[in-house]
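Peer 1: Let chain A serve as the given structure and place chain B on it in line with the hints.
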Amino acid sequence: MTALAVEVDRMRQSPPRYSELPEGRWVDVGGLRTWVASAGTGTPVVMVYGGSFGGAGAASGAYAWAPTFHGLAEDHRVLVFDKPGQGFTDKPHRLEDYTMSAVVQHLLDLLDQARLGPVHLIGHSRGGYIATRATLLRPDLVSSLTIVNSGTLTSGVGTNEVVLGGPPMGPSRESVRWVYESYMHNTAAVTDEFVEQSWAVIQHPEYQAALRDIRENDLMANLFLPELAKDKRETLTWLAEGRLQRPTLVVWGRDDRTAHLSRGLGLFEQLASWERRTSLAVTDKCGHFPYREHPRWFVERVRRHLSEVDHHDY
Amino acid sequence: MTTETTTPVELAHTDRGSGPVVVLLHGGTTGAAPYAASAALLDPLADLLATDHRVVAVDRPGCGASPAETREQLGYRHAEDVVGGLLDRLGIAACHLVGHGEGGLLALLLAQAGSPRVTSCTVIAGHEAAPTGDSPSQLRLAHQPRPVASRRAQAWTLERLSYTPHHLVDGLLDTLAAQAGSEAGVARTTLAEAHTGYLRTDLLAAKDRLFGFARDTGYDVPITLVWGTHDPLSPVERGVALMDLLATTRAPLDLQVVNRVGHFPFRERPGEVAELVRSAVRLAEARA
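Those sequence lines, one after another, are chains A and B. Its first residue numbered 16, the first sequence is counted upward by one per residue in our numbering. Its first residue numbered 454, the second sequence is counted upward by one per residue in our numbering.
These are calculated hints, taken from the structure and not from any lab test. Fair warning: there could be bad hints in the mix.
[Stated by the list, open to error] Label pairs and their computed distance ranges (CB to CB):
1) A:Ser-34 <-> B:Arg-593: 36 to 44 Å
2) A:Gly-57 <-> B:Ser-471: 54 to 62 Å
3) A:Gly-55 <-> B:Pro-600: 57 to 65 Å
4) A:Trp-253 <-> B:Arg-604: 23 to 31 Å
[Claimed, not checked] So these bits of chain B aren't anywhere near chain A, every CB distance computed over 12 Å:
5) Glu-522
6) Gly-544
7) Ala-566
8) Arg-570
9) Pro-584
10) Pro-600
11) Val-601
12) Ala-608
13) Thr-654
14) Thr-670
15) His-683
16) Asp-697
17) Asp-707
18) Glu-725
We put the beta carbon where it would ideally sit given N, CA and C, even for glycine.
Isolated chain A, as found in the complex (with noise of 0.2 Å):
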């Protein structure tokens, strides 16, 4: 078979699906093997999930919008997708593309390609920044911003590196749940289903080979991390300068340990300082993950930002 005959092949194949979601189809997106899904009708909204490639012990994946996702499809199009070296999308074909810069673009080139029009887009943790990222860089491409715990979005010590270091398990289901209950105030969200869709990923032949071209070229400290640092910075300063010009949420879980709530008053300060149509809802008995561990509260507070762009123009 040719090259192209071999990736024709590739996009008919039967995309793996996870419990808690409907059925996905595959995306080029920049040459990459995209896991996307999709349902509902009304303004378009887009999910960013948290982490990053080369977790070995836990992996997140779409699945984690689950409860968001079947939420908004009721009155919106939702749409989740999996980022470059996780869930089940293509690792980065080169080495030099395991950076953020490079899954920020991939958001960039789907939003391009999806021609949904200006969406809706939530991020959490390095989603938000994410989300945070590709709306300072494509503003014409968002209609309105939701930020979720995001330490990597705010300046200040992160504790991340504390709370989930030195995982006392190997990766297994047991390390799954070690890294989400760690995570989560409210343990109960961890539940076997949530697990199991997260070993599933991290039993995925691609993301097992994203994992050893991690390891084998010591891409997270010698590529990863220092080029998010200097990222960070700049997007820190051009937030500090008022760029991000679109309605934002902040969305934070009053007990996560791994970005304590401060981070999140300065984050609403600063970006409201700049724009009206900035809120803060703040929620109590809750970790890292509001809209895992309250998704009912989680998706009407969220509905109420969306409705009120959608209705409001200024």
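Peer 2: Leaving out everything else, chain B in the frame of chain A:
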């Protein structure tokens, strides 16, 4: 809008709309200073909520059209009693409390009764409910024009407590000035001024009851705190401190911060605040 006065304990109130019952408790204190408090201030919120709720807006004792004859009747315990009595008389077995400012403290005291009487509690700009540490001196309102019952003084105060004055419509200012300048209003101002020390002590005691309950017992009803970014009486950090204090609540607890509003978020952006209240009611009803 209808105003009823009921006996034996008179508590003026309006009752409008149908649906889940929302009881509105206004902020401010008896007398003209810093502003003539009454349920009229909450009209924009009441009107919006009344499209799908039964809204009972109360004039607290010694405010608006509700009488107070003694200093005790200006205190928080009396307010709790008469609001509870009104709900009994109206046959309201379960309601959602929404309190502003001082009314937020009152709402949290009433919410200690828990369900079935109180289904949820929303506190808007609850500066007297929030911990402050040493009592802050209130420079913002230090030089109010005289006489305080005048329309000009009322406008001056509300403007200084707001982010923008667009909500200070003629009708409201006329109402406040008329209330403050009426015979009953002047009498109540005289009563309140004669017992300033007593009323301050009563406030501290009410706060003690809130703090002690939150610390040692904890609430069983969902609580939503709504704070404005530019409330001269209570910065957002005090709302966060109140949330920390209330973290013993076994039911859902959240804090919603509204940008670029002062002490009257429900007047400056009534639609947004009505939606916040509506959500709190909806989530609590689903839970109940």
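Peer 1: Next, verify each hint and record whether it holds.
Peer 2: Status of the hints after comparison with the structure:
Checked against the hint of 36 to 44 Å, the pair A:Ser-34 and B:Arg-593 fails, with Cβ atoms roughly 56 Å apart. At roughly 30 Å, the beta carbons of A:Gly-57 and B:Ser-471 sit outside the given window of 54 to 62 Å. Look at A:Gly-55 against B:Pro-600: about 60 Å separates their beta carbons, and that is inside 57 to 65 Å. Distance hint for A:Trp-253 and B:Arg-604: a CB-CB separation of about 47 Å, inconsistent with the stated range 23 to 31 Å.
Here B:Glu-522 stays apart from chain A, with its beta-carbon at least about 41 Å from theirs, past the 12 Å limit. The beta carbon of B:Gly-544 is kept farther than 12 Å from every beta carbon of chain A, the shortest such distance being approximately 30 Å. Separation of B:Ala-566 from chain A is adequate, the least Cβ-Cβ distance of about 21 Å exceeding the 12 Å criterion. No Cβ of chain A comes within 12 Å of the Cβ of B:Arg-570; the nearest lies about 22 Å off, and the non-interface call holds.
Distance check on B:Pro-584: its Cβ is at least 16 Å (rounded) from any Cβ of chain A, clearing the 12 Å threshold; non-interface status holds. The beta carbon of B:Pro-600 sits about 36 Å from the closest Cβ of chain A, which is more than 12 Å, so the claim that it is off the interface holds. Residue placement check: B:Val-601 keeps its beta carbon more than 12 Å from all beta carbons of chain A (closest about 32 Å). Listed as a non-interface residue, B:Ala-608 keeps its Cβ farther than 12 Å from every Cβ of chain A; the least gap is roughly 24 Å.
Every beta carbon of chain A lies more than 12 Å from that of B:Thr-654, the smallest distance being close to 31 Å; the non-interface claim holds. The claim that B:Thr-670 is not at the interface with chain A holds, since no C-beta of that chain comes within 12 Å of its own (minimum 16 Å). For B:His-683, the shortest C-beta to C-beta distance to chain A comes to about 10 Å, within the 12 Å cut-off, and the non-interface label is violated. Listed as outside the interface, B:Asp-697 is inconsistent with that label: its C-beta sits roughly 8 Å from the nearest C-beta of chain A, within the 12 Å cut-off.
With a minimum CB-CB distance of about 5 Å to chain A, B:Asp-707 fails to clear the 12 Å threshold, and the non-interface call is violated. Non-interface call for B:Glu-725 relative to chain A: violated, since the shortest CB-CB distance, roughly 7 Å, does not exceed 12 Å.
Of the numbered hints listed earlier, those contradicted by the structure are 1, 2, 4, 15, 16, 17 and 18.
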